Amino acid sequence: MTRDDALDLVKAVLHQVAPEAEIEDVGPDQTIQEALDMDSIDFLNLVIGLSEKTGIDIPERDYPQLITPDGLVSYLTAKAR
Amino acid sequence: MTELRSGGIRPSGIEIDGTHEHAIHLLRQMLRIRRFEERTVQLYSEMRIRGFLHLDIGEEACAVGVMESLRPEDAVVSTYREHGHALARGMSMRAVMAELEGKVEGCSRGRGGSMHLFDAPTRFYGGNAIVGGGLPLAVGLALADHLAKRPVVTVCFFGDGAVAEGEFHESMNLAAVWGLPVLFCCENNLYAMGTALDRYESETDLSLKAASYRVPAWEVDGMDVIAVEEATRAAAESVRGGGGPHFLELRTYRFRAHSMYDPDRYRDKNEIERWKQRDPIGSLSNRLGADGHLSEEDLDGIESEIQAEVEDAVTFAEAGSLEPLSDLYRFVMSESATGGATP
Amino acid sequence: MGAFRMPSLGADMDVGTVTHWLIKPGDRVDRGDIVAVVDTEKSTIEVEIFESGVVDSILVGEGEEVAVGTPLAQISTNGISTARTEAPRRPQVAPAPKSPITSPVVRRLAEKLGVDLATLAGSGAGGKVTRADVEQAARLLEAEPEVVEAKPEIAEPELEISKTEQVAETGTALRRGSASVRPPAGTRTARPSWSRASPLARRIAAEKGVDVSTVRGSGPGGAVIAVDLSRPEPSARVQRVPRSPPAPEEEPARGHEARGRQAAMRRAIGNLMARSKREIPHYYLSTTIEMSTAAGWIERTNLDRSVAERLVLPVLLIKAVGRAVAAAPEMNGFMIDDSFVPSSAVHVGVAISLRQGGVIAPAIHDVDQLPLSELMKALRDLVGRARSGSLRSSEMSDPTITVTNLGDLGVESVFGVIYPPQVALVGFGRITDRPWAQDGLLGVRPCLTATLSADHRASDGHRGGRFLAEIERLLHNPEEL
Amino acid sequence: MTELSYRDAMREALREALNRDERVFLMGEDIGRYGGCFAVTLGLLEEFGPDRIRDTPLSESAFVGAGIGAALGGMLPIVEVMTVNFSLLALDQIVNNAAALLYMSGGQFNVPLVIRMSTGGGRQVAAQHSHSLEGWYAHVPGIRVLAPATLEDARGMLWPAVEDPDPVLIFEHASLYNMRGDLADTTGDITSAAVRRFGDDVTIIAYGGTVRTAIEAAGTLAEGGISSEVIDLRSLRPLDTATFVSSAVRTHRAVVVDEGWCTGSLAAEVCSRIAEEAFYDLDAPVRRVCSAEVPMPYAKHLEDAALPQPADVVEAVRALGA
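Here the protein sequences line up with chains A, B, C and D, keeping their order. FYI, the numbering for the first sequence is 1 to 81, going by this note's numbering. FYI, the numbering for the second sequence is 1 to 343, going by this note's numbering. FYI, the numbering for the third sequence is 1 to 481, going by this note's numbering. FYI, the numbering for the fourth sequence is 1 to 322, going by this note's numbering.
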């Protein structure tokens, strides 16, 4: 999975969770939750969506790595083989 | 002030006091009413006239005699039996006939019908179809003249039945206590619809009731047009001269039903026949004939003129138009009224 | 030659019977003569004639009832000098209502054969409709039904027969009408049950496409009133009856529509909250709850769970509230007509903010009964559907208590406004690490502030305090949840 | 601005009318020497003389009818009937003549007559002096029916009523005669309703004596956070439908306060019009607060219970869930 693939995937899942949210709106040093006004359920849904699409098990302790777009893409490209 | 029965009833026959020309004029006026009403009976039978139709036939002398003694500025308040009053007062026969046929050319635009003939130019304040309801109105009209100090008489017609109404007594009293110029003309035809006078009045001398209000009251032979005219003229002039209200009891009789047709269960056929012997038209016409002032040809001439007038009135009425439905609400309120809200 | 007709002897006379003729053919009559005795329903009356002439023939026998206007006798006026010889003119405009001239026998025949007399031109004397006319018409009716049927439009409805039919029809319609309004007991009807709703509420519901019977009313007697429809605006959107799929052309208008909806929602929330603040005497209590146990418990639990099954903290909070009402039933229910009606079911409304603005608080049903996993699913489902706009109206209309959790946004405590006609709302702030003294030792612990907004008409602070204490106890013992 | 009573305001209006037009005269029972049974006409006899201030016999039918006749004859009569209960003795004249003459005569004879009468209860004068029958008169086409509820209207409505070409009935609630206040400018409007208090949550419609009741109730409701709009009908016939319907459309709730009996009342008419014209804007049924359906009792506690009280209005509004 390339970074572009990962980014496309994040966009797709995010669109399901929060149709009006655009990942591009998130600044480099902002968290996704904060920038896109997502609550814990939204975030959980995002994680679940990504996990389902990629087959990656994302344990709770990894959540802190996923809070920025960059972190999310890096995490996915790293985990996906 | 009580000149009770100063008029009295003439014992017999018609005495022609004035000119024969005037007597013929009176006859013509009575005939106009008679022929007009006969024609309305036919129109009613043909359903061109509907509702109630109270005929004056037999009582024409009262209408003509009273009206002949009035002036144009005098006011008239009448009852629902008022075709004769209207015609004798000078209202157009065409307008009256058109009213009976419910046409907008009628004297009340077809709003009133037989019982509610109105005419501002002749100060004819209507056929009032509530027995006794016209009396207070007449008192008020007289009050207006009294306050404005106008030498005007308001004549108020009502039947014997009205004497049983409270409004008769209230009005008689009010007019008397204020000394108002009203001439009360009670056409006593002996029946309040189908109830005979002695069955509904404890005191059948109606003049006596008026006299009890200190109103000068005269009894007059209502079948004698000359007597009616004479009495009315004297009374009206007394009223006009500030003598306060006067009361005339015109003793008369209707030859036909209360309204159009009725079975006449309440009165004896012989009684009707007896009164018909005193037909005001026949009596005057006979007298004029006997005196050599009215030939058969003269009478035929009058009759055909009247017939032409009646037929002209019918033609006018038939050709008349129906008021458009869009005018249904006109005249509920005056058109110059300040308000604009819906009724 | 003229006809002597049955006269109208009163406005209410339609028919008359000649009981006695006073003339016979050959007799000379003069205008005004009484020629017959007529029996009307009211009386027996002698009737006069308006023409002079010689009686030619008698057309109606004694004892026969005929309609007004029916010729009774023919009068010959030839050679007679009379004032009036012309036939009476017929009115030119708007003739008075009148029945066709005919005899009762013919009338009955017409009724039997279904012939409208008003459509017939009589061939008899004086335009009288005869038996032959009716039979002829009946044959025509059979051959060309549409010809005859088309005619009644022109025909005068004043004809008595058709009048009767009209009345009968109206009567039937009325009965039908009442039957549909009030079905007999026990019969099934396909109609949705009638629900009490104000006309304004119905209008708003119709505009929004909401089935008003699915909305729980807060008005008198539980009637749905306007405010009940203002609250669940977003759900109303999804409740819209799928009359037709949205056409692509609508796309450009969407932005505008969305803004309109947002404005409407803002207004609706404003109205509801204003009503709440106006009507409900709020009181507020808050308590800080040490959350290390709960957080640890979730962490441990989630270790064994797949991503989709993991719990989030709000689930615990919602569950705790749902369970705690058992200790304080005054918090769970509605104010109806100024009195508190407790609810046996616990439907916890969850305040969900919508990203485009606004907030809604749909319910998770029977929270006290749901295992945490189920509750988690329900919550995820609810949030998802709230955001996508596919809530069920029951979820919108029946929360018995509401939870609002603004912890994700970082606020420490929430003093919420109660959703009428509910009586309580519990707000949770975020978990923050705070100095915490326990068992005489000071430490840093994750803490959360829980706030109760409650209706003073339903409960007092004492009960509210007990309720919060129970929430705290449950959160300290998450395994009980 | 001068401090005066409703009675004074009405007397001022009468004085003005008498001064403005010579055709104006007053007629009624005990309006002259006695000074009027409610003292409205006190002093006018001395000022205008017995021709224009006419004491009448106790003949309601005759003097009301005479008023109609005098109006036909070119005068501008103002007739006083002591109470609406007594006016029933003149009902024939009012309904069969005053209201019908213009129409019956095809527009020939209008009746520029004013009839004033007291109405209403609250003074412990029992069942023959206390009723509110304004609604009966408001039923009749051909007359204008007014109910001045304020000093300004008592002062301001008479002259336009006198000037009106048609019969005008003015109902003066007897409990208002002693109401005192500063007389503000009067508009002389006899056609429209007035909004006496603005509000958003409910429309309370009243007239005559119940306007005060409604305003008092609105005050109580305001303390509970309910904002009431109070409408004074002022003209009972014709009704200014637009004013109260548009208010009800805005507030979505309406309560009508009427001292008449509920059945067949003017309140019923107002309710019907709201139902007909504002149905889809109503969020609650339209409610009526009327007098109890009993002949007015004498005993104070019974009379109070029979008449619409502010608390009844408050309760009715609350029941609507406003």
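Everything labelled a hint here was simulated from the structure, so no lab data went into it. Treat the hints with caution; some may be incorrect.
Unchecked claim - Chain B is nowhere near these chain D residues, computed Cβ spacing over 12 Å in every case:
id : residue
1  : Asp51
2  : Asn178
3  : Ile215
4  : Val294
5  : Ala299
As the list claims (entries may be wrong) - Under the rule of at most 30 Å between Cα atoms (straight-line distance), these lysine-lysine pairs were calculated in the DSS-like manner:
id : chain 1 : residue 1 : chain 2 : residue 2
6  : A       : Lys79     : C       : Lys377
7  : C       : Lys377    : B       : Lys269
8  : C       : Lys42     : B       : Lys209
9  : C       : Lys377    : A       : Lys11
10 : B       : Lys276    : C       : Lys377
11 : A       : Lys53     : C       : Lys24
Just so you know, these numbers come straight off a predicted model, no measurement behind them. Glycine included, every Cβ here is placed at the ideal spot set by N, Cα and C.
Against the structure, the hints come out as follows:
no., hint, result
1, Asp51, "violated, 6 Å"
2, Asn178, "holds, 30 Å"
3, Ile215, "holds, 24 Å"
4, Val294, "holds, 29 Å"
5, Ala299, "holds, 33 Å"
6, Lys79/A <-> Lys377/C, "holds, 27 Å"
7, Lys377/C <-> Lys269/B, "violated, 105 Å"
8, Lys42/C <-> Lys209/B, "violated, 36 Å"
9, Lys377/C <-> Lys11/A, "holds, 23 Å"
10, Lys276/B <-> Lys377/C, "violated, 109 Å"
11, Lys53/A <-> Lys24/C, "violated, 114 Å"
Checked against the numbered hints above, the structure breaks hints 1, 7, 8, 10 and 11 and satisfies the rest.
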